[in-house]
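Chemist: Spelled out, the chains give:
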Amino acid sequence: MTHRNIKIVATVAVLVTAFVGLMYFTLREGTEYYKHVDEVMATRQQWEGKRLQLHGFVVPGSIYVKPSTLEYQFKVQNKGHVVDASYKGVVPDTFKDDSEVVLKGQLTPMGFHTDSNGIMAKCPSKYEAAKKVG
Amino acid sequence: MASLGTFLLLAAFVVCSYAAGVSITGARRRSRRLIESGIGAFYLVTALMTVASAVIVNAFLTDDFTIRYVAHYSDSVQPLFYKITSYWGGLDGSIMFWVFLLSVFGSTAVYVNRERHRELIPYVVAVISIVQMFFLFLMVVHNNPFATFITNAPADGNGLNPALQSYWMVIHPPSLYTGFVGMTIPFAFGMAALITGHLDDAWLRAVRRWTMVAWLFLTFGLMLGMIWAYEELGWGGYWAWDPVENAALLPWFTATAFLHSVMVQERRSMLRVWNVTLVIVTFFLTIFGTFMTRSGVVSSVHAFGEDSKLAWMFTVFMVAIIIVSFGFVIYRLPLLRARNTLDSWASREAAFLVNNWILLFCAFFVLFATMFPTLSEAVTGERITVGPPFFNKWMLPIGLTLLFLTGIGPLLAWRKSSVRNLAQSFLWPVAACIVTLVTVASFGIRLWVSGICFALCAFVAGTVIQEFVRGANVRRGVTGTDIVTALIGLVGRNKRRYGGYIVHLGVVLIFLGFAGEGFNREEQVGLKPGQEVTVGRYTLRHDALKVAEDDQKQMVTAYISVFEGGKQIDTLYPSKWFYRKHEGQPTTETAIRRRPSEDLYVVLAKPEIESQTAFLEIHVNPLVNWVWFGFGVIAIGTGIALLPERAFSFALARLPADAATTTAALLLAVLLSATTLAAQSGSGAEKVQVANIKPLERQMQGEILCMCGGCKSPLNDCPMLYCHMREPEKAILHDLVEEGRTHDQIVASFIQRYGGQDVLGAPLDQGFNRLAWLFPYLVGAGSAISVGFVAVRLARRNQSSADAADAREADAALEQRLDDELRDLD
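Top to bottom, those sequences are chains G and D. Here the first sequence is numbered in the numbering used here, starting from 1 and rising by one per residue. Here the second sequence is numbered in the numbering used here, starting from 1001 and rising by one per residue.
Hints are computed from structural coordinates only; laboratory data are not their basis. Cβ atoms here follow ideal geometry from the backbone N, Cα and C, with glycine treated the same way. Be a bit skeptical, because a hint or two may be false.
Rough simulated footprint, nothing fancy, chain D against chain G, three-plus residues with beta-carbon under 8 Å [to be verified]: (1) 31-42; (2) 76-82; (3) 93-105.
Using the sequences plus the hints, can you model the full thing?
Modeler: Pasting the structure below:
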């Protein structure tokens, strides 16, 4: 009986190790830091070059589309900190002045560079978000 | 009206608590009258919730904007259909709708089972009532849909969010809720069985059907959500591992596991603790999913916003569920002992067991990954997210393994498969699998994952067809009818088994669609009128941008002519709609040309009215429609499994011998004649766009970095508007591709040009680097092998000790007879 228990323990140990190992190695590639604009801009140097999901609000009037292209330049702010952002591609329907966005991409010295399909926008009027304060 | 609604909710709460209390007391005192009174009160809750629902729907219909919920989700110009469905458009209403559905389901379940499972019913009533009380409590104290404006109500409402004004969205939430709510019934019966100690298989028989119905609705809800995402959101895909989607997927995994393992308990009286646990976990996950999406614990694009008070209430409820239900499981463990042990790993019950582990692992993994941002924040203080690539990396191999098991399970015999019957049953499916693999390989498909998926699909389809053909042949031999009638008779004789096989066939089709996703193509272009672009086989010409209006919205539509091989085959109308109430948030109306082989999917990304330019996003999605079709097949299979016994045999008895064959042939003929395509000749257009770049070039633009020094991003998305390096590098790449160089040659040439691997976006797939890529897979394979090894050793040991103890029972003839009997039971 104890022999059997040892085997069960060994099986579980192997499974857990395999799982944790796999998790660790796959997580390293797939992860992104989730940060608000103010947190990132306070220690900007530290975040440059890292994969980020940047949470903030589009500064009203800052959205600029290069004519005859799908290249966007805009500013995102949170609690007084602002960062320039760029994007190329199709923006979601909810992307507009003041909308709450999460941008996927990288911070570069020239501003935040958003991946293609990297804009997730929440609309303040959508669902219940009226109560929400960023 | 609003106060009437609030009063109804309060009354429902009071009646619910009465029903719960009186049922428990009645059961303990064995008082028939008290129990009957509890059931009566339980029915009354349904009546109250129905009236309350009527009140809120009426408020929507009469534009009663004094009620906050109505003002928030409706307006006076909203079409009637959407006015009614706004009922479940928001948080408060959806909770109320939940309670309404639960009361209807609960009453039906109690009504159907009140005589058959008399001893369980009082506790079933009590458990469901308690769940209802929780949601009613939420509404009364926190999310009252009947809350009114204290001062000046608005003259008109905000209108339902335009993104939700789609008929898919109208039927998607009810379907999903029905699935979620339906899972409460098995839980209630399971708890009743645990509390009363009537743990024979009676409660399983009572809930089997319910679980299947709930599972079907859940599956359907998931599908409708996918179709909605595909048609409305305009990004060309249907599943993005969004937390809200995952929340619905979690109970689906455990419910699927339960539907399989329940068979093992019926046949072999094994896995009894496991089944009760699965029922509890499934119910828990439905509540957890609601909690996750409604309380803002996990941020998602379409979560309902943050609400910490709600989060606390849910947490308390969930902790209570866990403690109480697992407390009872532990208390009843002695009664839940398995009556049999696993005889062999080459048996159907072992296949079911492995399938259960994998499904449970899926649920656990998706839960973990969805909660990862929250968990990492709690542990390290940094919020770290994981994206769809992470999910895909894990779920891809797991999904393929599941598909493989789908094929293997039916081929194995109960108890133990002999080598001979293994060889017999695996021959044709394995042959189908190998032939497909070779065919796919000879066509030179780059994506090995899709290739394997195709081969496995062939394998599973092979097993299902083989089962049908064998069964039909046997039946034909016995009854002497033609093959189609024999087939229908076969399905009728054993609906659950063959219905299940049809469901498996549906799963195969869905996987076929998933495999097609590997070959998606995508293009973004801006076209002036008259210009055209070529994507895959299609050439699209932009003809005009037109603006139209109705009383709700302004619509900008692009007229796109589609040509294939020089002939016009279609005209597509992708558009953007601007609702007046939601000016800043246009909705994207995609235009999709659906064909079984592939979809042409066109999105009007940005219309520029002044220059008449349409910016289009064009997707070619091979095989997607098979996903939807597969869901349809699943629905048919589940439907067959659910058919009441008597209706089916009655219909069969009445059926003339050849009627089935004739009907099938007729249907086929009609379908074939319907597939005609009108072809028109195309006109000569100004061919300006040559945006059609080769797949290799596109791929490599994503791999090779722009060397301008600033952006550190791949060529295809260097953010600088006027970059001095991007265009020259792209030109070099273009030339190399045009010269017909291979991927590796081009990489080598870039490394040489820029003196190092800096130019690559990802480490080169060779030598040590290759090890880094392979490592996760190696670990996975290694652990799988070692787990298998340990499992085999364990099983062998088990068997030898069992053999020694029960030597007298190891009578070969008896074993044989048992096997036969079990087979007949199928």
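Chemist: Would you mind marking each hint as holding or not holding in the structure?
Modeler: A quick look at each hint next to the structure:
Counting residues of the segment 31-42 of chain G whose C-beta lies closer than 8 Å to any C-beta of chain D gives 5; at least three are required, and the coverage claim holds. Requiring three or more residues with a Cβ within less than 8 Å of a Cβ of chain D, the coverage given for the segment 76-82 of chain G is violated, as only 0 such residues are present. Against chain D, the segment 93-105 of chain G contributes 7 residues with a C-beta closer than 8 Å to a partner C-beta. That satisfies the three-residue criterion, and the hint holds.
Comparing the model with each numbered hint stated earlier shows that hint 2 is the single one that does not hold.
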